[in-house]
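Colleague: Okay, here's what each chain looks like letter by letter:
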Amino acid sequence: MNQEFLRAAIRINTKLLALVFGLTSGLLLFTATIVSVVLRALHPGHYEFLNLLGVFLPGYDVSVTGAFLGFFWGAVIGALFGSLIYWAYARTLREKIASYFALEDPDNLLQGPQTLKIEGHYLGVATGLGSALLLFLSTNTLVIRGTAQFSVNAALLSNYLPGYQVSFVGSLIGSAELFVLVYLITILFGFTYNKVVALRNRDIPSLFDYEPARPKPIPLKPADHVCILGAGPAGLATGHELSLNGTKVTVLEKNSYVGGLCRTVHSKGYKFDLGGHRWFTQNESLNNWFRRLMEGEIILVNRISRIYYDGKYFNYPITFGDVIKNTGIFTMLWAGITYIQSFIVFNVLNRPVKNMKDAYTQQFGSKLYEMFFKIYTEKVWGLPCEQLSADWVTQRSKGLNILTVIREALVKSRNVVSLVEEFMYPRDGYVRIPERMAEDIVGAGNEVLLNSGVKKIIYKGTRDFEIVYRSQDGTERSVHADSVVSTIPMGILAQIIEPACEEKVLKAAKSMEFRDLITVNLMLKKKQVSTDTWLYLQDKNLIFGRLHEPKNWSPAMVPDEAHTSVVLEVFCTINDPLWSLSDDEIAIRCVDDLADKLGFIERHEVEGWTVIRTGHAYPVYDLDYHNKVSIVTEFLGRFEGLHIAGRGGTFRYNNADHSIEMGLMLGRKILGQPVDHMQVNTEHTYHEEKSLEGPKRDHYGQSAVG
Amino acid sequence: MIENIKEPTDRAIIHAIFAKLDPVGMIISTALVFGLGLMFLTLALVVQGRSGDIPIGPHLAFLGDYLPGYRVTWSGGFLGFVYGGMIGGVVGYFISLLWNLSHYFYLALIVSRIHYFSE
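Going down the list, the sequences are from chains A and B.
Take the first sequence: its position 92, counting from 1, is numbered 233 in the numbering used here, and each next residue is one higher.
Take the second sequence: its position 2, counting from 1, is numbered -4 in the numbering used here, and each next residue is one higher.
Errors might be hidden in some of the hints.
Said to hold, decoys possible - Computed beta-carbon distance windows for the label pairs: (1) G63/B <-> V179/A: 58 to 68 Å; (2) T472/A <-> S69/B: 45 to 55 Å; (3) D765/A <-> F72/B: 55 to 65 Å; (4) G43/B <-> W475/A: 52 to 62 Å; (5) F72/B <-> V489/A: 28 to 38 Å; (6) P62/B <-> I314/A: 29 to 39 Å; (7) G63/B <-> V310/A: 18 to 28 Å; (8) V486/A <-> F72/B: 29 to 39 Å; (9) K466/A <-> S69/B: 55 to 65 Å.
These are calculated hints, taken from the structure and not from any lab test.
Virtual Cβ for every residue (Gly too), placed ideally from N, Cα, C.
So that you can see chain A by itself, here it is in the shape it has in the complex (with noise of 0.2 Å):
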């Protein structure tokens, strides 16, 4: 797969460098060009050497049409150089992946981490090559046309290269003379800029990070009974494999049901999840253990995602061609030219990156900063990006794995079927995937207790604790253990903790703020509204800022053929305008929006609507988010026995995957291996090969230990 991803990696660098190539030696001709017909307006008879060209540039001289003729052929002779060169770098690339491979030694690969080693030797060949092949075939031309003889101009090169003539063999020798001359000046060429480069000796950005190796986590002793506090997607895999592995777990949940944000509401015969979560992981240990929990549950789902923007849909994945066919080739250089003013003032004025609209201008530029990021992330969080931590945009494309979109990206255009494009999905909704965690946990011999709310937790001293929750019938009760997972929002836990936090961990805990949502299922009579698996609406005037289709997730989300949905989601802050308004005054909006402004829907074919409001659905990264975090965790930290998961639990932006695998590893981690479940959602670990320590089994088997 590897080797088919560093094949299609060289294939667009090529493609990239003969673009690089053509434009600048189109552009260097197109000036002399213009140069030339401007300075001989003015000295007539003057600046008439660049006409010697139009012997081997057909239709060029030196004229206004002749600078556009110019920068056509320039292109195209520039781009075969170009694509001649990274041919050759090619070979550099491959020797040194190897090298880099048997050395461990990633300094053979690169000059610190992103910036390119040229290797002169391999450049020189294939510059020399083009050169000479350039002389051969020019001088050839003469040749064959007939004009040698008088090819004055051309035998000069004689002056430089002793030997050359223009005749067959005279450019024989040229090019092999030629050849030797470019070799060494690219040599020259090569140790100049890679000396510069190591003096240099700085990071250019970039939109990934060469992370170094950590240390190895410390085993713990094992728990004997641990408490779970909250029965979400992280709280639930942390008891999953500690149930299994014989360890003593209760789990504690507030509400009436399992899943927490990954809920499935069966309403009217609909079902639907508050925002749609699919099960997708390049881990595919992680997938293995989700195909034995879910077996004969799984479904695939073909992925078709849209954008919404400015009026017109742009298909997910956003290709050039789609770009340019909705928004036009100007704004394609607007953007251009966004994205240099923005790369001037980020990378050589190094103007800080303060806040999440600098960091998605500095790698994007400003115009599509605009069209593909501010309104919907705005939207989600409720605040401008102006105020919003810039750690958001990398924890986001962590989480995802930059890496394997980048290679799926590459890849797809062999058309190997993309993982990206597909995911699996439980035929009855997500929540099943909680659900059979809660069965394999009950099915144990341990308790998952529902309706039983956390009032306070106990520390008593190391690794001793009581947890005091009002249970089902109204009555406070507690649960003596050795360890407590906390998956409840971090802030919340440091409040109810004893002994209490100080005044300044007090007060970072409270001001960890959530932004909440609610959630608008529209129960349709209609076969269907769209095929789009999600359909992201980045347009300040709809109410709603994402939408879904369950039944196109899965047949079973609906009553019958005849009949779909819409799932919703409108973003807000509990008691701002939109929470205060009412569950019907909501639902009205959607269905004016989807049928006026969308044109989705008619108004007739509205036959319901459920409304579910859910709190604390995303952490929100203000600029002072990670301060409060580090206080917070440091408080927390203090309390041996007490573990954080989840996306609450941890205040990171975790995806139900990322949770999964988070709580697994916890699991894991209180059995007494060597692992840090706290590095998943970094890049580290999701997206390696995982490095994970541990029973020489599939990663997440029947048994954790042995």
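Put chain B on the given structure of chain A with help from the hints.
Modeller: Just chain B, lined up with the frame of chain A:
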């Protein structure tokens, strides 16, 4: 050949393929090559000297139309070094800019989907 190398990781490939060109490195090295190149072209003709009535380097001398003060002489050779260096610097910067830019654009489109990926 590619088939003979050990299976590379995604990270190694991506780091190698999407590595950036250092603009300053490119400016200096291209400037050096262009500068020395033009100086060599000039001085090689000067050293060979005039042949009969033909002036030295009549075609190269045309560059004087574009580069004020440049001639095919000893001093012109050194001035050519300066001019060649300047042009080379611009070309080197332009190439590195385009290279990095084209990669960023390519990556930007790929990465943009990440924005829509987390559910």
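Colleague: Which earlier hints turn out false for this structure, listed by number in ascending order?
Modeller: 1, 7
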